[in-house]
Amino acid sequence: MTTPNTAVKIGKLTLRNPIVTGSGTFGFGPEMANIVDLNKLGAVVVKSTSREARLGNPTPRIVETPSGILNAIGLQNSGVDNFIAEKLPFLRNYDVPIIVNLVGTEVADYVHLAEKLTAAGGVHGLEINISCPNVSHGCDFAVDPVLTAELIREVRKVTDLTLITKLSPNVTDMVLIARAAVDAGSDALSLINTLIGTAIDIRRRKFRLANITGGLSGPAVKPIALRCVWQVHRALPNVPLIGMGGIMSATDAVEFLLAGATAVAIGTATFVNPTAATDVAAGLEAYLVENGINDVNALVGAVTQ
Amino acid sequence: MPHQVFARVLSNDPIIAGHQVITCDAPSLAAEAQPGHFVNVLTAERSDPLLRKPFSVYTVDRDRGQISLLYSIVGATTEGMARKRPGEILDIVGPLGGRLFQADPRPNAAHIMVGGGYGVPPLVFLSRELRLAQSEPNITFIIGARRKDLLLCEAELIAAGVDARVATEDGSHGISGRVTDVLEPLLLEKSGLPVTVYCCGPTPMMRAVAELCLRLGVTCQLSVEVAMPCGIGVCMGCVLDLTDGRRVRCCVDGPVFEAAEVKWS
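Protein chains in written order, with our numbering: chain V, 1 to 305; chain D, 1 to 265.
Mixed in with the good hints there might be a few duds.
To be clear about the criterion: a stretch of chain V counts as covered by chain D if any three or more of its residues have a C-beta under 8 Å from a C-beta of chain D, and this derived list gives those stretches [claimed, not checked]:
1) 31-37
2) 54-64
Simulated crosslink set (SDA-like; lysine to any residue; CA at most 20 Å straight-line) [unchecked claim]:
3) V/LYS206 / D/ALA227
4) V/LYS40 / D/VAL166
5) V/LYS9 / V/ARG234
6) V/LYS206 / D/VAL226
7) V/LYS12 / V/LYS157
8) D/LYS148 / D/VAL166
9) D/LYS84 / D/ASP25
10) D/LYS263 / V/ARG54
11) V/LYS206 / D/ASP25
12) D/LYS263 / V/ALA286
13) D/LYS84 / D/ASP13
14) V/LYS40 / D/HIS3
15) V/LYS40 / V/THR3
16) D/LYS263 / V/PRO58
17) D/LYS263 / V/LYS206
18) V/LYS9 / V/ILE293
19) V/LYS9 / V/ILE224
20) V/LYS40 / D/MET1
21) V/LYS12 / V/ASP95
22) V/LYS12 / V/HIS124
23) V/LYS116 / V/ARG51
24) D/LYS263 / V/LEU55
25) D/LYS263 / V/GLU285
So these bits of chain V aren't anywhere near chain D, every CB distance computed over 10 Å [claimed, not checked]:
26) ALA85
27) ASP144
28) GLU154
29) VAL239
In case anyone wonders, no lab produced these hints; they're calculated from the structure.
The structure presented is a predicted model; accordingly, all values stated were derived computationally and were not measured.
Ideal Cβ positions, reconstructed from N, Cα and C, are used throughout, including at glycine.
Okay, chain D solo, but in the shape it has when bound (with noise of 0.2 Å):
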């Protein structure tokens, strides 16, 4: 459930250019995120900015009661972040949302992620999770970004055994492209297996992403990016129209929903 925590940040690193990962003391927070949950960071003092601003929650490490946010540091929230030092306190509500990334148990499914620049982080911890839950599962993780200086988290996923493929849009790393040039050919790939493509990132990526999938008829469950003033149901700032005419809240109702429901304007 929901609840604020004053947790105690233990590191707050530098990953890439403009990039952090903030680590925090939350046992509670640990305990319960899943991976589609985010998280709602208050930074200032004295109301300005006013609302809290969401994060996905990136890992978990449940055995010490840790939870890392991987940020960009993009305004005066992210700057706050990026100014915590080791032993201040981080305002944190979660965690957030209501509908999750639902992995397909069986033993010979296909998991595809499809992450883009801040998309990433949450399929990460979804990747670890289901290492975790499956011995050996079939992953394979595209990663993409504008350049090979924003890419985030290959090293890792490779270091962890995950078939990390890469595209970025001037061809500095990987195949010179976007996310979907690397999808087509590789459901191909796995045709035959039952694939799920798990997909986070800007809307334009996802929409590209979700139109390939519909189209192929391969399920595809997307992480949804929208403004979430309040993370908790109330705001109705967060509404998204579905393709059967309901108009629901990304916070509570999501942020994950099958792509054959989401209705791009």
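Same shape as in the complex, but just chain V (with noise of 0.2 Å):
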């Protein structure tokens, strides 16, 4: 048998596979390069990225739950032009889409972003965090269609990269809001970020994060992920869909790519297997020869009842 086909399209970006990097889990891109070959992935998703240097959440940042984790980073990160000046010229040496994944409080920092990305060269994508549960404000757009809406029009207009919105859980109805982002114009969803959540320490009777509350991840959260994938997947079954969520092997991925996803993401997994991510993409190509697949487009919402 020949070697299956593994690339897909999200919006404009062709990923040689559908294996990418969940934003925050693998750094600026530098963090990673000695440990994985980052030509061998579908795109890397580097760490949140604002208009000013943020120092992030007070320590303890992340506590382990069962079978995940919560984390309340709160977005730290050195602010746009210092990603622009000081990672993005390593990034351009490497052969595979950069998708920066954007975080503001108000439409203006996320067009203001848009802005100064499409104009450096080297990124291919934007992600739109419209869903970080960490900081204060970080959800008000996630949970509303109308200023979801609102945001992805106004960064439309200043960009034409290909535009991701990043949903989150934390809201009744995901597909309301996905159906907005798109019909503002966005080219594709990543779904899902972390469930807010928290946790206690009895002995010392308190919250055991600083922030109290922090982000579930990790295989604890998958099966909701993938209930969120394949929703939002039947509702709009011709937009690009990057599932994420716990997606700890090959196995694991390929049941988002049946539930729906084009492309998934590696996370919480690289902090266990720092070559998760590559190790997932060789496990879904054996998958595909091991099961006569030769095109991996064909998985993408295959799953039947």
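Assembly of the complex is requested from the two constituent chains, each provided in isolation within its own frame, with the hints serving as guidance.
Spelled out as structure tokens, the structure:
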């Protein structure tokens, strides 16, 4: 059998395989480039970037819960100017699409970031983070279809890069927000961001996170993430989805593709196994070969009852 | 460079109550590991606990390609380690750490190790490496513990000819008190020599050692102990505030810092 096709399309981007990195779990590239070959990934999604540098939240910022972690990092990053000057030149050395995750508190912040990153060159896609649960006002856009639409519409006006809206599961009806983002010009959707949770130390009778609440990720959230991907895919079958939430193995990745994701992001798994993303990419290709599937796109949404 | 090793366990034996040394066949780690490096170990087979746990490197045998970790049995991961029998596999990522102990290379340098509890093993490694690199290095090793039965590595240090001094909080062995009660007079004893203090242990102990060294103008390197969820610089969970205003990651920007750099909360 010939080598199966693993390439997928997300907006204007062609990914060599459906495996991308989850924002905030892969640094800005240099941290991981000694450990994994970035050119074996479908895309690199770098950590959230804001207009100004952010120090993030106090510690403890990450605590373990059964089969998962709660994080409340608070979007620590050096700001967009530092990203363009210090991080982007390194990433330009690689033959892999670079997607930057954008965060802000106002529409103007996102527009500013989109303009700068589009002009910089070497950035191929923008992932609009409307749903960080760990900062005040971080979820304001994500829970409101009108605000989401307004934000995406304004960003769309200033960039021709592939736009991906990252959705929050912390809403009543995710499809409503998904549709609003797509109608406003989002080329694709990422889902899901983390689920808001907390944990308590009964010995000290204190919250375990300094921020009290944090975002839950890891295998604990996988069934929820898979359900969200399936729901959104069913409602918007032509919109490319990047599925994520507790993917630790190629088996998990295939489940997400079958549920309707065109690509998947490896996040928390990288904390446990630094080569998780490329391991999953290799495992996915092996699955295609073993099952005689000659194009990975044939799996997308192919689950049946 | 950090990499994953499925290392065959060669031995795994208790040394004192609740503490064991596990030795594994891991030539690539043995070749690369330097004092201050740590490794991340995973024992859970099904994602609970999800994260690896960090262990400083205790000893390496480069000729045999072996690495040893000294661990205290305190939770699910170390309980899993304690169950490993020779021949079984230990899942290790390492070596980790960006900034390591920097031993003063001058022949007349006085090296003072200050280790408390599980902070002792990486300093035993540093002492061994110093003895390999220099002929008759001037090493004094202060070991701190709450009680005599929790004291680590004294016999092996003495056997290696290291000047080992002990402080126990209950006075059951060595002097009664804290490591700083031994360190302060020792620094006077060594005055006139270029002294470097290398310290690892619980945060309150390291803070006391750092503040004493700063007050006396002595160079002091600290291997900082904080929870390090990923160990590779990407999760931003292990951040530490420095006196220059930077917020850095212990795992890749440390774990070793100069005493003057650390801002104590």
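Review point. CA of V/LYS12 to CA of V/HIS124, is that 20 Å or under?
Key: 9 Å, holds
Exercise for review: For the pair we were handed, V/LYS40 and D/HIS3, check the Cα-Cα distance against 20 Å.
Suggested key: Judged against 20 Å, a Cα distance of about 17 Å means the pair holds.
**Study point:** Restraint status (C-alpha distance of D/LYS263 to V/ARG54 at most 20 Å)
**Key:** Measuring from Cα to Cα gives roughly 19 Å; hence the hint holds.
Point to revise | No chain D beta carbon within 10 Å of V/ALA85's | key: Its Cβ never comes within 10 Å of chain D, the nearest being 17 Å, so this holds.
Check your understanding: Can the restraint linking D/LYS263 and V/LEU55 be considered satisfied, given a maximum Cα separation of 20 Å?
Key -> 15 Å, holds
Review point. Do the alpha carbons of V/LYS9 and V/ILE293 lie within 20 Å of each other, as the hint requires?
Key: Since the Cα atoms of V/LYS9 and V/ILE293 sit roughly 18 Å apart, the hinted pair holds (cutoff 20 Å).
Point to revise | 10 Å cut-off, C-beta based - V/ASP144 kept clear of every residue in chain D | key: 28 Å, holds
Practice item. Could you grab the alpha-carbon distance between D/LYS263 and V/GLU285 and see if it respects the 20 Å cut-off? Key: 48 Å, violated
Review point. D/LYS148 and D/VAL166: Cα distance at most 20 Å?
Key: 9 Å, holds
Check your understanding: Three or more residues of the region 31-37 of chain V near chain D by CB distance under 8 Å?
Key -> Coverage by chain D holds here, the residue count being 4 at a Cβ distance below 8 Å.
Exercise for review: Could you grab the alpha-carbon distance between V/LYS12 and V/ASP95 and see if it respects the 20 Å cut-off?
Suggested key: It holds: about 16 Å lies between the C-alpha atoms, which stays within 20 Å.
Check your understanding: Has the given pair, D/LYS84 with D/ASP13, been kept, meaning a C-alpha gap of at most 20 Å?
Key -> Roughly 10 Å separates the two Cα atoms, so the pair holds.
Checked against the numbered hints listed earlier, the structure breaks hints 4, 11, 12, 17, 19, 25; every other hint is satisfied.
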